[in-house]
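Q: So you can see what is in the structure, the chains are spelled out below.
Number of protein chains: 2
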Amino acid sequence: MSISALQKERAKYQPKLPKSLRGDVKLVEGEKTESVADQKEIAELFPNTYGMPLVSFEATDTAAERQPVNVGVILSGGQAPGGHNVISGIFDGIKNIHTESKLYGFLGGPGGLVDHKYIELTSDIIDEYRNTGGFDIIGSGRTKLEEEAQFDKGLEIAKDLGLNALVIIGGDDSNTNACVLAEYYAEINAGVQVIGCPKTIDGDLKNEMIETSFGFDTATKVYSELIGNIQRDANSAKKYWHFIKLMGRSASHIGLECALKTQPNITLISEEVAEKKQTLGEVVDYMACIVANRANDGNNFGVALIPEGLIEFIPEMKVLITELNDLLAEGTDTEKEFKMLKKSHRNEWVAGQLSETSSGVFSLLPSGIATQLTLDRDPHGNVQVSLIETEKLLGEMVKTRLDEMKEVGEFTGKFGTQYHFFGYEGRCAAPSNFDADYCYSLGYTASVLISEGKTGYMASVRNTTSAADQWIAGGVPVTMMMNMEKRHGHMKPVIQKALVELDGAPFKFFVSKRGEWATGTEFVYPGPIQYFGPTEVCDQTTETLKLEQA
Amino acid sequence: MSISALQKERAKYQPKLPKSLRGDVKLVEGEKTESVADQKEIAELFPNTYGMPLVSFEATDTAAERQPVNVGVILSGGQAPGGHNVISGIFDGIKNIHTESKLYGFLGGPGGLVDHKYIELTSDIIDEYRNTGGFDIIGSGRTKLEEEAQFDKGLEIAKDLGLNALVIIGGDDSNTNACVLAEYYAEINAGVQVIGCPKTIDGDLKNEMIETSFGFDTATKVYSELIGNIQRDANSAKKYWHFIKLMGRSASHIGLECALKTQPNITLISEEVAEKKQTLGEVVDYMACIVANRANDGNNFGVALIPEGLIEFIPEMKVLITELNDLLAEGTDTEKEFKMLKKSHRNEWVAGQLSETSSGVFSLLPSGIATQLTLDRDPHGNVQVSLIETEKLLGEMVKTRLDEMKEVGEFTGKFGTQYHFFGYEGRCAAPSNFDADYCYSLGYTASVLISEGKTGYMASVRNTTSAADQWIAGGVPVTMMMNMEKRHGHMKPVIQKALVELDGAPFKFFVSKRGEWATGTEFVYPGPIQYFGPTEVCDQTTETLKLEQA
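Chains A and B, in that order, give the protein sequences. So the mapping is simple: our numbering equals the position in the first sequence, first residue as 1, plus 7. So the mapping is simple: our numbering equals the position in the second sequence, first residue as 1, plus 7.
Hints in this document: simulated from the structure, not taken from any laboratory. Everything hinted at is true.
Just so you know, same-sequence chains aren't split out, so a pair can sit in one copy or run between any two.
Straight line, CA to CA, 16 Å or less: simulated EDC-like cross-link-like pairs of lysine to aspartate or glutamate: (1) K15 with E543; (2) K33 with E72; (3) K19 with E543; (4) K15 with D546; (5) K350 with D383.
Build the full structure now, drawing on both the sequences and the hints.
A: Printed below as a string of structure tokens:
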């Protein structure tokens, strides 16, 4: 395998650990916990794993006699920078506990556990992947561990391999399922512990005890590098508005963090749009006004950040989508009538069938997008919101709005657009120093939780805006983060998703600045992630964390 | 102005200069030059600037008494990383010649000269922009300096400011025009010299004396960072083919360099497609075969690099586009007939009007693309080739081909695609160490050429695969790089564009490897540009240069 010069040098990096994990470790139990909501229901659903105490680690002089632990690790869901360091942290951690400990990796995600596909992760393999991006060491996958049959199949291989524990590295859903699995194995006395690790570039798995999910730091740094480069281009050529869509369906943490780093002219935050019940027209007006104001100053250029999931946060779009799903549901009379129509007549007919409000929204859409909404449907017959090119939708609608404004003299400039979508560019970047350290510490923490016999815990590393040696490592019962939510029509216990808080410090800071950033050209150019060099450049974490912890 | 932590640290970087430029400099004249072709015509067109000798610089102990020089600088055309360092190199160079030298920057490209828009570039301004990306210090523009009226307007302001020289930083066209301007000012004894600097991320301004254009190194490093990250994602998720289009209409140097750095499964080189007279169907077959072969090994993922200009290099597409331009030319009877047709009947009608070959090609195109070719036309009524989303065109056609192969059992896998286009992401990145040094040296070289009274020269810095102190600085008469080419129906003297040479070392090396890269998964992950750290990581230039100079 050829590797790049950077990868070669970066392999030598020794991730920093919290002081408490550097020698012998003592576990300290804290207070008993409760779930964030719906305590009664959650306690009933998790009789064996509810109400457990928070735990933290402290350094100790007393070296305990420890047994080898055998661990299976699973990467679940979308890639995030640092996954390989979680695994190398687990490896080093269990080897430190006992040199005869063994680590197995299940291949291709949770499916590997069910299908008994695995490899033993030896030091030769681990060393090749230290401080690298990607999940390619064992691959990832999106199989959901939800059924007892899967749990039982998993237990077979766990028994065969003599596993003490499984570590599941995933987002909120995967960690919810990890907890259900922990509860099931505890209930049947399977003798297999389950520990979760908080992963997602989206940044929406966080709470009081989990300050950030890993990968968010690196991914937002990559996107901010590119946004900064594009801003510099915009400010040099002075002829385009760049509409940049950023990956992330649920929350706008990525957009907010990138905005704090780069200071673009426009940043849409889905949570704000939902809270203010903004219409698509209002969002477009907001953007068009900023474009027009800048044009008044002779600046016919700018940069706008758009969260991928925006459409689903606009109340009237949600309603429209629901109505379209009903109207065109497979096998209905209306769907048959729709299909009989000539293509050129369909959109008009659809508009006539919708409620007055939805009809108005539908008629406002550029015809290509309107057609897409009626044609591109998923296997369940639903509108495929993820296929909508939100950045182009907004670009076209802003153009239309500016044309109207031009006619009445409210816009005198030019409006040319370039579109971008950043997602895959950042999910597998080599982890920043922060993510390299954080992930390694999470993995190491997981190994200690296992050695201490814990199950149903998520590895937790806090105080992350301080230097790594001051970080506080420990574990949080997953049930503590849960509440009951409706999923596919049924109430289910799930980890509460962390959306952007409109009264949180990061958003409030952003709001205090966005006016200046819109009118002025206050672009900041963060440049690429640096791995060697001054600590001010290499070791900073996110603006979001700094503001949250300030 | 807020600046990022990296920008703050990077401002301290002192670009490296060739040894010959570090103290007092002696100019050494080399051999008289001839143009690469059409010597007679070029000599006649450039009586004052043809046949001048190559010049190079040497260190000397004899400090010459030098006069202040006043210089105007112009950034022309698309952005390229390092433009600000050319300007700071000129600034430091002329200040070194005499502290009373002055530098003026014309605003918004060549238009600034004609319209007399300029600023004086003082050390305060220069210091803010050292080692930064972008052209925002004075802006760039695409006005072409081609007419004597423009030259005369330029001379007015040059006289007002007491300029000894203009430095034009641009690509092949801008440098051609710089030479025409040099010739004109020499002819009328205007007393204003003109010096060019070789800029373009496309890498197509190079020859024996100009080893590389600035910006190519940095831009290809940024694109390779992103390609590497996407490759790692592809190899982790194992479910998508990523089709990545790379900026650059004329030459495929960018794609070739990125391929050498990252080893993707497929890289299309426009020059090869043209040389082999490949059809669109053949290109699609080539890609589909690689997809099918990888699927046979269970690998339903991969990465393909596609040069932006590909379509125009496919002979049958060129013919098709010409026929469409004739058929639908404004005001023709056929255009009127076309416009009277119902939209749904237009493509069929167009196919019927074309030659048999073109009709076949047109019918092969996905209908959306076919429609785009007939509808989206520029102000001259021509097909807008640049609007064609080549990556999607190929993706859809490969899909269709694979569906056919599936029916006869030649393809048994899955084919899902993600599309990307990288261009603006890299044009304004902060320059790599190589580009920071190279650009600064080019600017410094320009100042010496000016002080030595030269005009019609391009700054040249060679031996660039050695350490910077070993670089050879000097000047090359622009006429040496010229030949006669047809432009808008007339023969004109222009700098010969450097396309990828199919018998050159970089392409031959690529060909020797691409089979392995297609079948295997030999991805290399270069990671982001590093500015601090080991020289193996920070100071390497392009694979193209290394292979060319080996």
